[in-house]
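Asker: Build the full structure now, drawing on both the sequences and the hints.
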Amino acid sequence: MDLPPADSASWLTAEELVRTGFQRSRVVMMNEAHDGHRRCIRTRTVGRRILPTARAFGARLLLMEALGPPGGAAPGQESPYLKQPEMALLLDAARQLGFALAGYEAEIDRAPAELLRDTHAMPFTNWRERRQAENLVGLLHQAPVTDGALVWCGNSHLRKTRQSEWSPMGYWFRQLGGPEPFAIDQVVTVDFGESANALSGVLLERYGQVLAARGGEVGLVLDGRLREELGVDALLLSSDNRME
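According to the numbering used here, the sequence shown holds residues 7 to 250 in order.
Keep in mind the hints are simulated off the structure, nothing from the lab.
All values reported here derive from a predicted model rather than from experimental measurement.
Note that CB positions come from ideal geometry on N, CA and C, so glycine has one too.
Relax, there's no trap hidden among the hints.
Across the chosen pairs, the derived CB separations fall in these ranges: (1) GLU84 <-> PRO11: 41 to 49 Å; (2) GLY77 <-> ASP124: 22 to 30 Å; (3) ASP197 <-> LEU88: 19 to 27 Å; (4) ASP246 <-> ALA204: 14 to 22 Å; (5) THR152 <-> ASP13: 34 to 42 Å; (6) LEU95 <-> ASP13: 33 to 41 Å; (7) GLY104 <-> ASP197: 30 to 38 Å.
Answerer: Laid out in structure tokens, this is it:
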């Protein structure tokens, strides 16, 4: 993997990544790390922190996977993530800044019956990813074209390229004619335990001194082969990678 040398990379803050994103696109996608009920609180804290920047550079919509399908989740089917305190703080901050909030999760009851037989299998996963992208495109079509959107998703759904048999939401969003999004991956260094990405260790070893010198958080805009390989436009690296 062709990673830039630490001393020649153009390091940015999370806020500067978001600003760059909205200067390039109407849609900025950013992720949080979660696994079951466990999550990396830092990723949501960063999300709350960048909201004023997103708002200042044109974002009027916060489209969040955890809010359920467009129109809201059915009673009793709300995401448990919404009850976690740092998520509540993120949503409260968005409302106070004047964001319009909407969910884009797939309507599971619309899935073909044969896919519902195994919701952990790749065919169902790819159906869900595509349906999420369809919902996002629909929500954007309903909004004024001048309204920017911050799309808040989980883990690697924002990737814009196919990953072996998996076709993420970000890939389908492009295929379905959505605006070319600017995708910021801030879970790339998160410690997922046994399922951790090998890239995490490589990045932390290569850029550990930069992280230490810059307060434990640095951002990098990608280009060329690296952007295509990872399927995102920017990385936000951190030394706070706990899941709890």
